[in-house]
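Chains as they are written, first to last, in this note's numbering: chain A, 1 to 307; chain B, 1 to 185; chain C, 1 to 435.
Think of the hints as simulated: they come from the structure by calculation, not from any bench. Watch out, some of these pointers could steer you wrong.
No farther apart than 25 Å at their CA atoms in a straight line, the calculated lysine to any residue pairs in the SDA-like style are these [what the hints assert, rightly or not]: (1) A:Lys-65 to A:Leu-282; (2) C:Lys-123 to C:Arg-78; (3) A:Lys-27 to B:Lys-89; (4) B:Lys-87 to A:Thr-71; (5) A:Lys-43 to B:Arg-76.
Computed far set for chain B versus chain A, every beta-carbon distance over 12 Å [as the list claims (entries may be wrong)]: (6) Val-108; (7) Ala-148; (8) Arg-166; (9) Phe-177.
We treat Cβ as the ideally placed atom computed from N, Cα and C, and that holds for glycine.
Listed below are the residues making up each chain.
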Amino acid sequence: MQKHLLGLEGVPREEIELILKTAFSFKEILSRPIPKVPTLRGKTIVNLFFEPSTRTRISFELAEKRLSADTVNFSASGSSVQKGETLRDTIRNIEAMKMDMVVIRHSAAGAPHFLTRCIDAAVINAGDGRHEHPTQALLDMMTLQERVGKLEGLKVAIVGDILHSRVARSNIYGLQTMGAEVAICGPKTLIPVEADQWGVEIFYNIDDAIRWADALNVLRIQLERQRTGLFPSLREYAAHFGVTRARLEAAQKDLIIMHPGPINRGIEIENDLADSEFSVILNQVTNGVAVRMAVLYLKSGVTETLE
Amino acid sequence: MNDPQIIAEVIDGRGLERTLARLAHEIIERNRGAENLVLIGLHTRGVPIAQRLADLIRQIEGMDVPTGVLDVTPYRDDVGRRHEVLKLKTTHLPFDIDGKVVVLVDDVLYTGRTARAALDALMDYGRPARIELAVIVDRGHRELPIKANYIGKVLPTSLGEEVAVRLKEIDGEDGVFLVTAKREG
Amino acid sequence: MQTIKYQKPERLLIKNANYLDPAEGGPRQVDVLIENGTIVRVEHAIDGVDGAETIDGTGKLLTPGWLDMHVHFREPGREDEETVKSGCAAATAGGFTGACPMPNTEPAADTRGIIEYMIAEAKGTPVDVYPIAAATKGRKGRELSEMADLIEGGAVAFSDDGVAIATAEMARRAMEYASMFDVPIIEHCEEPSMTEGGAMNESAVSTRLGLPGMPGVAEDIIVARDILLTEITGARLHIAHISTARSVELVRQAKQRGLPVTCEVTPHHFTLTDEAVASYDANLKMNPPLRTQNDVDAIIEGLADGTIDVIATDHAPHSPEEKDVEFQAAPFGIIGLETALGLIMTQLVEPGHLRLEEALHKITLAPRNILRLPHPKLAVGQVANLTLFDPKHEWTVEASRFYSKSRNTPFLGWTLRGRVHAVINKGFLWVSPDV
Numbered sequence: 001m002q003k004h005l006l007g008l009e010g011v012p013r014e015e016i017e018l019i020l021k022t023a024f025s026f027k028e029i030l031s032r033p034i035p036k037v038p039t040l041r042g043k044t045i046v047n048l049f050f051e052p053s054t055r056t057r058i059s060f061e062l063a064e065k066r067l068s069a070d071t072v073n074f075s076a077s078g079s080s081v082q083k084g085e086t087l088r089d090t091i092r093n094i095e096a097m098k099m100d101m102v103v104i105r106h107s108a109a110g111a112p113h114f115l116t117r118c119i120d121a122a123v124i125n126a127g128d129g130r131h132e133h134p135t136q137a138l139l140d141m142m143t144l145q146e147r148v149g150k151l152e153g154l155k156v157a158i159v160g161d162i163l164h165s166r167v168a169r170s171n172i173y174g175l176q177t178m179g180a181e182v183a184i185c186g187p188k189t190l191i192p193v194e195a196d197q198w199g200v201e202i203f204y205n206i207d208d209a210i211r212w213a214d215a216l217n218v219l220r221i222q223l224e225r226q227r228t229g230l231f232p233s234l235r236e237y238a239a240h241f242g243v244t245r246a247r248l249e250a251a252q253k254d255l256i257i258m259h260p261g262p263i264n265r266g267i268e269i270e271n272d273l274a275d276s277e278f279s280v281i282l283n284q285v286t287n288g289v290a291v292r293m294a295v296l297y298l299k300s301g302v303t304e305t306l307e
Numbered sequence: 001m002n003d004p005q006i007i008a009e010v011i012d013g014r015g016l017e018r019t020l021a022r023l024a025h026e027i028i029e030r031n032r033g034a035e036n037l038v039l040i041g042l043h044t045r046g047v048p049i050a051q052r053l054a055d056l057i058r059q060i061e062g063m064d065v066p067t068g069v070l071d072v073t074p075y076r077d078d079v080g081r082r083h084e085v086l087k088l089k090t091t092h093l094p095f096d097i098d099g100k101v102v103v104l105v106d107d108v109l110y111t112g113r114t115a116r117a118a119l120d121a122l123m124d125y126g127r128p129a130r131i132e133l134a135v136i137v138d139r140g141h142r143e144l145p146i147k148a149n150y151i152g153k154v155l156p157t158s159l160g161e162e163v164a165v166r167l168k169e170i171d172g173e174d175g176v177f178l179v180t181a182k183r184e185g
Numbered sequence: 001m002q003t004i005k006y007q008k009p010e011r012l013l014i015k016n017a018n019y020l021d022p023a024e025g026g027p028r029q030v031d032v033l034i035e036n037g038t039i040v041r042v043e044h045a046i047d048g049v050d051g052a053e054t055i056d057g058t059g060k061l062l063t064p065g066w067l068d069m070h071v072h073f074r075e076p077g078r079e080d081e082e083t084v085k086s087g088c089a090a091a092t093a094g095g096f097t098g099a100c101p102m103p104n105t106e107p108a109a110d111t112r113g114i115i116e117y118m119i120a121e122a123k124g125t126p127v128d129v130y131p132i133a134a135a136t137k138g139r140k141g142r143e144l145s146e147m148a149d150l151i152e153g154g155a156v157a158f159s160d161d162g163v164a165i166a167t168a169e170m171a172r173r174a175m176e177y178a179s180m181f182d183v184p185i186i187e188h189c190e191e192p193s194m195t196e197g198g199a200m201n202e203s204a205v206s207t208r209l210g211l212p213g214m215p216g217v218a219e220d221i222i223v224a225r226d227i228l229l230t231e232i233t234g235a236r237l238h239i240a241h242i243s244t245a246r247s248v249e250l251v252r253q254a255k256q257r258g259l260p261v262t263c264e265v266t267p268h269h270f271t272l273t274d275e276a277v278a279s280y281d282a283n284l285k286m287n288p289p290l291r292t293q294n295d296v297d298a299i300i301e302g303l304a305d306g307t308i309d310v311i312a313t314d315h316a317p318h319s320p321e322e323k324d325v326e327f328q329a330a331p332f333g334i335i336g337l338e339t340a341l342g343l344i345m346t347q348l349v350e351p352g353h354l355r356l357e358e359a360l361h362k363i364t365l366a367p368r369n370i371l372r373l374p375h376p377k378l379a380v381g382q383v384a385n386l387t388l389f390d391p392k393h394e395w396t397v398e399a400s401r402f403y404s405k406s407r408n409t410p411f412l413g414w415t416l417r418g419r420v421h422a423v424i425n426k427g428f429l430w431v432s433p434d435v
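Use the sequences and the hints to build the structure in full.
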């Protein structure tokens, strides 16, 4: 097992299986009258959030508290020029404070890798730029496994802004390792170059993706991409890539619908569909805490990179 | 890691059956029946032992005793002090333990640290009327002030030895053996 | 960082060296006697000279001094990263007796005073500094710099390096104006609207790593634009640090049409691909970015068939504070003077892509021809401008052995073959303590 969790690319199937299995054990603990265990008592975990993120930060914080770890939160989001400066200075502080684990969210791809070169603590990537968001993909996989029973052979289509999405990348790596088939779907301007080298299906038509898939992972579309000329308008996006009940009915399929949140209701996903029988969005939130407990637990005891 | 070598067979298959029957009787005797009783097996070998005790109690008293499974790993005191990560197992307690007499069941009582972890875990589940401990073997070397209520056999050992309780459900045979200690390489 | 020591021997005798001049071809074994920096005897065997400092050239190659036509010496502005003096020390250690600092200093080298200052600062070193001045004032692409005055001050070419000359119109005017003086425009080819925010080559690797990409076509567009402008202006165009297969092909076609277009490549662009970026080490961040294997193959082909005229290092020092950060926040560029020979030998000559004299041509004759600088000759009465090196000497790249003030290179720990033994120019002698 690797000391850090920087991404799911290259993480072997056994390790993902162990994380998911452990996460299901922790999910049981979360259902107890006192949903807290003393496992990481005395461990100090710092949550370094250089990018605003309420959901992921709260999920990690709750996971840490459920494991009885001491947590310190550091939130900063400076201008892009100051970012390098801030990260390095912050790292020096962490070193001095003898932290056991660092959870980092940063707008720069590779920032967690940089961190591992500077400190001894285990580093958990909570999202780095458009690179990876491994715990999100793990919770997505846990949710799918819970609903379907297995990931092997499952067809998952990721819909939306693949170019800027760390959720998409981590899901592609993780799902493929677990034997699932992955497709990506979105406007051509939001599909990264040479995406076919991932070995994924690529759809530019949402109905084709729906016909193909067993599950849809619908990504949030960000308005600022419109301003940089990557798509014409939210209206056009909603009309051509929005997931609607009518589209599901036309395909006559019981799909599982996931969304990493926060949802733009009525844009990437029809308003009532997010709360429908197709949706597992709230399960994703619950499973997020269990998966993060599993990752923190499994990485806590690793003092060396073990074979 | 060296495979442990058997030094001696301490209890044979028939002997283990007799031991379990005696323990079942003792539990019923001390609790004046099986009313209000629950059995909770500790992973790994405590689980089938608890099930067998429940079966024996049913034969004697004619009533079902709820049995559960407890994994104490998240409550251990050596997380992060070891070079490997301990795998979590499932906990399954499909009943309320408030006001119950809980009999924790394990194969060997040694340092007492597992029992301590189990006590903490149970407290997070509820508030039992009483918690008791049943083991097949007490091998001594306690590191905590913990004592079993029901003991199959007291077996003084050296630190170079270990006690291996083997069960049909897991190991394919019943018996208790004195073996050489595993040495971590 | 090492401190450099130059000697000024009155009489210097080089014994048993194999002299290889790419202008002559075929090595010949010579002894050379130099007095106060001037060659006084070139004979098969010179013996019985009293009081001469002697260098044994056995097993080594003696060549005309090398010229790196693309370096950044950071002075004025970032003297903490490099100065003209420390840059000249690094050039010396790398075997270069000439260097062309680019004008993206702070302030930009767009006035005669800065050009003259750079040249003057190199006085106490064996290195001739030939500055390249800004093509437009402040490298802003709005007004032409005072080219005539800058040439009188010593500038040998014009460039807005760091960026392309901002608009097609300004590039046309810069070329037209520079062509009056027969000096080349050196273009950093990058269409900025396509690379904004980019950190690495746009490819399958950037897709995988989630780093914002800089597409190769952003380079090709400016190469194509400027080749077309050459056609209408008649100006000489030199493409700096070419990095894509398509740009190499564009230059090849331009040459076939007889256009006065030349280009250079850096050692890192013929050595590394964008796969190396996977470590997120900021020492692999440069502009142009490391490209794909397909591009590297095209570059090697271009070097071999002569499409690529020059090897230049784009020596770009940066402080550890700037480089030791997350990849996206780091500035572009790596140092290159002291690893150039090792990479040329190990990556080009040993695998048989280039013969040694072809490689030497690209760091001696070719850049001097483009800049209309005289080629040093091994003849009596000439200034001794020579580089002596051991093409087989194996060494490991170590930060502590650099003469540059900076150490930002991805080649630390690499084992290379080929190391400079001595450099002679302007009456100075430098002998490497490491060989």
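Okay, the hints, checked on the actual structure:
no.: 1; hint: A:Lys-65 to A:Leu-282; in the structure: holds (20 Å)
no.: 2; hint: C:Lys-123 to C:Arg-78; in the structure: holds (20 Å)
no.: 3; hint: A:Lys-27 to B:Lys-89; in the structure: holds (12 Å)
no.: 4; hint: B:Lys-87 to A:Thr-71; in the structure: holds (24 Å)
no.: 5; hint: A:Lys-43 to B:Arg-76; in the structure: holds (14 Å)
no.: 6; hint: Val-108; in the structure: holds (23 Å)
no.: 7; hint: Ala-148; in the structure: holds (23 Å)
no.: 8; hint: Arg-166; in the structure: holds (26 Å)
no.: 9; hint: Phe-177; in the structure: holds (30 Å)
The structure shown violates none of the earlier numbered hints.
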